[in-house]
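Trainee: Take a look at the letters that make up each chain.
Number of protein chains: 2
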Amino acid sequence: MSHLPLIEARIAEWAKELPQGNLYAPMAYLMGLPAKRVRPLLVLMACELFGGRAEDALDEALGIELFHNFTLMHDDIMDQAPLRRGQPTVHMKWDVNTAILSGDAMLVKAYQLMGKHPQVAAIFSEHALAVCEGQQLDMEYEQRGTVSVDEYRAMIRLKTAVLLSCALQVGATVAGASKQDAQRLGAFGEHLGLAFQLRDDLLDAFGDPAATGKQQGGDLRAGKKTFLLIRGLELGGAAGRDELRKELAKPAELRDVQRMLETLEVLGVRAEAERAVGTEERRALQALDGSAVEQERKQPLRQLAAQLMARNR
Amino acid sequence: MSHLPLIEARIAEWAKELPQGNLYAPMAYLMGLPAKRVRPLLVLMACELFGGRAEDALDEALGIELFHNFTLMHDDIMDQAPLRRGQPTVHMKWDVNTAILSGDAMLVKAYQLMGKHPQVAAIFSEHALAVCEGQQLDMEYEQRGTVSVDEYRAMIRLKTAVLLSCALQVGATVAGASKQDAQRLGAFGEHLGLAFQLRDDLLDAFGDPAATGKQQGGDLRAGKKTFLLIRGLELGGAAGRDELRKELAKPAELRDVQRMLETLEVLGVRAEAERAVGTEERRALQALDGSAVEQERKQPLRQLAAQLMARNR
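If you're matching them up, the sequences are chains D and V in order. Under my numbering, the first residue of the first sequence carries the number 16, and numbering increases by one thereafter. Under my numbering, the first residue of the second sequence carries the number 16, and numbering increases by one thereafter.
Read the hints as simulated data drawn from the structure, not as lab findings. Careful, some of the hints might be misleading.
[Stated by the list, open to error] Computed, partial: chain D to chain V, Cβ under 10 Å:
1. W29
2. P34
3. T86
Nothing here was measured: the structure is a model prediction, and the numbers come from that model. Here a beta-carbon is modelled for each residue, glycine too, at the ideal position from N, C-alpha and C.
With these hints in hand, go ahead and build the complete structure from the sequences.
Mentor: Given below as structure tokens:
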């Protein structure tokens, strides 16, 4: 079985074995929504890269995906998000208390799967804390007037990139890779994750709504401090242009998103973001090239990276 | 150093090493409030019971106390509780989002301490899930019209008793006890935990406010479904007495708590609860007697149990 069907089958089997009741039903619901499964794929590929079998790391792959969905369940409460993957979020479909508690139990379930190898559990905990730190920064930045591009980058590194790195290190460790080799592969994941998030910011603003399934410019309308808006405000201020600031001063529903998008183009922010994605992608591939494994074994990871880079949704 | 100072010193040292920021400050705050530290004490005593040194299980003792405080942080959000140990709860002192996220990170920190022995992590996860199941039942029962005494008992077993059992099993396992011996000692903790919670219900209603630091009958005023109220409604209904039902029909601030207390006395509910506490205490001591260790080694655990049984707050 190729990787994705293997992961989907493991998730389906896991969901079937859950006990009845409102503690577990939200987990099955969220895990059952269609998703790219990037993190578990990275676990399996990293395991194979270092000579393991994908099946050997399937529990850990499921554990990482559970952890990722746990963070979504709790982040959606904090962000008061009504939709996730086009469907009602858990705290909307059930209620906030259920989403808190089911998320907690989901984190425990994730740990049950990460506990077979003590080194894996240690890597997982270290990165799980970093993800929490990233969410903390994200919330703080939403409250703050100004955030620098460096701060934003540090935040998305913690909130997003670090978990891709974790997935790769976990897979490598299951296969018996040394700590150093695992970390080198982790660097590939970290740069890939930064590229992934910056690409997300770009797709939200300039992507095709028919492909992304989202309203174009949703982040801009919400005044969300992404790379684009942060950099746009910086450059706009320096150039004496205040279109973005003026739009942000309006209530969200009155903002002219098309005007904001044009401003970002004119200021060169879109091009700068595209370049930043390219830089991170290059760094990712360099880190992969530097891993101490025969080059031909790296083909599946290169291919996955290429898919993520070329994606339009 | 005797056990309690050892635990307090470990907690203080842990708190001092936490990074700055709003992710970690709530953990240090909650862990710093004066508490009985029953669970970590049980970890250390169980470790010594099976021939280990208390110091060997200090990380796990801290881990269990962290987990306990994580559940308090999240339960207080769910219960909208303003006070914990006489001080503002985390979600009141900071905000709900901070309490969700800091709690999540606290669970991860707990796992970092439980991960030295894979069997310990497995025992911990199994019981952590049970605690979540108990909180889930507690919330469901608050929404439901009637709850039976058996259901209440099953709920407090999961929500409270199971973690005392876990603490003992963890300590025993660190000392190298067999799974069977650890589980036998766990049974002591489970009965002790049931007695502990039933005693709590009694103290809330009939305790001396000067000692408990709580308003007398706070649970009754709030209409909280404790053993006393559940059994009182059952027996009252059977005896054709409706004082409790009438008081519950009023808004909380108009309820006559003294009248509710008298009714519980007259119906014999107070006496029944005292007997139930006694039964669980006896079962606890029987389980301890049956543990495969020389009797004199059990003295510290017997003494702790006696203290908990005689407590007035």
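Trainee: Hints broken by the structure, by number, lowest first?
Mentor: Violated hint: only 1; rest satisfied.
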